[in-house]
Structure formats: C-alpha cells, structure tokens
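All residue numbers in the sequence shown are consecutive under my numbering, ending with 297.
Honestly, the hints are just simulated from the structure, not real lab data. Even glycine gets a Cβ: it sits at the ideal position worked out from N, Cα and C. You can take every hint at face value.
Keeping only pairs whose Cα atoms sit at most 25 Å apart, straight-line, the calculated DSS-like set for lysine-lysine is: (1) Lys96 to Lys11; (2) Lys105 to Lys62; (3) Lys94 to Lys76; (4) Lys11 to Lys76; (5) Lys8 to Lys94; (6) Lys8 to Lys231; (7) Lys8 to Lys37; (8) Lys281 to Lys105; (9) Lys37 to Lys96; (10) Lys37 to Lys62; (11) Lys105 to Lys254; (12) Lys230 to Lys168; (13) Lys230 to Lys11; (14) Lys223 to Lys212; (15) Lys230 to Lys141; (16) Lys76 to Lys8.
Derived Cβ-Cβ restraints for the label pairs, each shown as a range: (17) Lys230 to Arg265: 20 to 30 Å; (18) Glu250 to Leu69: 36 to 46 Å; (19) Glu216 to Gly49: 47 to 57 Å; (20) Gln47 to Ser150: 36 to 46 Å; (21) Ala90 to Glu58: 19 to 29 Å.
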Amino acid sequence: MNAETTKRMKILLADDGSQHAQAAVRLLLDLPLPPKNRVSVLRVFQPGQIDALRLMEQSLKRTEEQLLEGGIQAKSDLVLGYPAEMIVATAQKIKPDLIVLGAKGLRATLGILLGGVAQQVVEYACCPVLVVRAPYHGIKHVLLYADGSAYSRRAAFFLRRFPLPEKADVSVLHVLAPTAPLVAPGAYVGGWHDAPYPLPAAEEEAKLEAKQEKEGNALLDKARNLLQKKGIESTPVLLRGDAATEIIEYSDKEAVDLIVAGSRGLSTFRGWLMGSVSRKLVHYSNCSVLIVKRPE
2 MNAETTKRMK
12 ILLADDGSQH
22 AQAAVRLLLD
32 LPLPPKNRVS
42 VLRVFQPGQI
52 DALRLMEQSL
62 KRTEEQLLEG
72 GIQAKSDLVL
82 GYPAEMIVAT
92 AQKIKPDLIV
102 LGAKGLRATL
112 GILLGGVAQQ
122 VVEYACCPVL
132 VVRAPYHGIK
142 HVLLYADGSA
152 YSRRAAFFLR
162 RFPLPEKADV
172 SVLHVLAPTA
182 PLVAPGAYVG
192 GWHDAPYPLP
202 AAEEEAKLEA
212 KQEKEGNALL
222 DKARNLLQKK
232 GIESTPVLLR
242 GDAATEIIEY
252 SDKEAVDLIV
262 AGSRGLSTFR
272 GWLMGSVSRK
282 LVHYSNCSVL
292 IVKRPE
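Model the full assembly from the supplied sequences, consistent with the hints where possible.
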C-alpha cells in the first residue's frame with residue numbers, strides 16, 4: 002500500500018438491511034484501511050415503518066458488529082426521514098471522504114429520469130459515492146474511465162488514495178467517438194442535399210481515425226502516469242463507440258468489479274432526461290461504481 006492510501010478515510014455507510022448493503026459491508030472489510038479507521042453507519046426509516054424499528058435496530062447492530070470484528074471503528078445511527086435526503090444531509094454535517102451504499106440498479110430509461118436513492122445521492126452528495134452491487138466477489142479488477150475532463154482527472158487522483166486490495170488489477174479505459182460516415186452533397190430538383198454515399202477519399206477517414214487513436218492513447222498515458230506516480234500500475238484500453246455502452250460491455254466481458262468515473266454532479270433537467278455517462282453507469286452496470294465529483 003502506498004503512503005497516500007495509509008491515511009485514514011472518513012466513511013459514511015448507508016445501511017438499509019438489503020443484500021446490497023451487506024455487499025457494501027463486505028467490500029469495506031476487504032479494503033486495507035488503516036487501523037481504527039472510522040465508519041459512520043446510517044439507517045433511515047420512514048414514517049410508515051415505525052412498527053419495524055426494532056428489527057432495524059437489530060440489523061444495524063449486526064452491521065456495526067461486523068465492522069468492529071473486522072477492525073473498523075463503527076458508530077451507528079437510526080434516523081427518521083427520507084433516505085436520499087438524510088444521507089446527503091448527514092454527509093454535509095460530518096463531511097466524509099466517501100459515501101458507501103448498496104443499490105440493485107435499474108433497467109428502465111424512466112428510472113434515469115426519476116432517479117432512485119443511489120442516483121439522488123450521487124447527484125447531490127458533497128463527496129465521492131461508491132454504489133455497491135450484490136453479489137460481491139471481491140475487488141480483483143478495477144476500471145478507471147478517462148475522458149480527458151477535469152472530472153475524470155479528479156477521479157484518477159481519488160483512486161490514487163483509495164485503499165485498493167494489494168492484488169487488484171487496474172485498467173484505464175478511454176472511448177473514442179463513433180466514426181461518422183463521410184458524405185458528399187448531391188443534387189436534387191430545386192436544391193442540394195447530403196447524399197448518403199462515401200466520399201472517394203477513404204484515406205482521409207483513415208487519417209482521421211489514426212489521429213483520434215493517437216490522441217486517445219496520449220490521454221490514456223496521462224491518466225496512467227498519474228496512477229503510476231503513486232505506485233499503481235495499469236493497463237490501457239482504447240475503444241470506440243458510445244461511452245457508457247462500451248464501458249459496461251467491457252466490464253461484463255472482463256469481469257470488472259469496480260468502475261471509477263468522474264462526474265460534474267447536479268445537472269439540469271435536460272441532463273436528467275438525456276442521461277450522462279456516470280448516470281448510466283450507476284443505473285445499468287452490473288458491478289460496483291465509484292463516482293467522483295468535483296467539489297463545489
């Protein structure tokens with residue numbers, strides 16, 4: 002473990018008693034956190050759940066005991082309110098370095114528009130958010146998405162201090178934009194239109210693709226150098242297509258356990274409707290996702 006990751010990390014764990022929350026607990030226990038690292042465990046109950054309070058208290062106590070047995074200092078709290086709102090409010094109060102919560106993910110476009118608890122926390126939280134999926138099989142393969150933005154650069158810096166398991170493999174992925182077919186203007190009665198046939202100079206398209214690949218590899222080298230300076234070796238991956246689709250398909254194919262990506266955080270309503278790469282990863286990926294936002 003490098004010197005930067007030996008620093009204590011203040012963590013807020015949102016526990017709802019689900020299998021995904023238990024996966025989050027197991028993930029935390031796998032991390033090489035420094036001795037007596039502190040985790041605040043938060044359980045939120047809503048007005049209609051008063052009758053289940055006792056069971057929630059017992060579940061919360063078991064989570065606290067699991068962490069304590071693993072050498073992690075844990076303090077739990079059971080509060081009344083709405084989950085996303087209380088998680089974000091608690092984070093604003095205690096200023097954690099990381100929020101961890103379990104979520105099953107969504108499989109509907111409408112889900113992106115409305116947003117679930119995990120998505121709301123990712124959008125509004127004041128710090129990075131780790132969304133954990135069940136079943137959890139450890140962190141053996143980590144994928145950092147690098148798009149050249151200030152947000153992905155911050156994600157790389159955060160990954161440098163994240164306490165990864167010693168034998169975890171790290172890949173850095175960049176996705177080139179899809180190649181648009183070259184078209185030439187064609188005549189029609191009364192004017193001109195863009196005819197859907199290729200321009201004769203196909204080598205121009207090849208040159209453009211080669212230039213994009215060169216720029217993409219240079220971007221990957223920069224991101225990998227940031228990690229290497231802290232002793233994290235990584236493998237470059239250059240793909241072409243829709244970013245979110247390529248990331249998710251690569252993650253499924255290569256058994257990625259954790260995707261790390263940057264995000265600008267709260268966006269406009271149009272952003273909710275169209276969806277961003279980070280938002281799609283939170284909803285559609287089959288593995289855990291760590292979203293790192295730029296601070297306000």
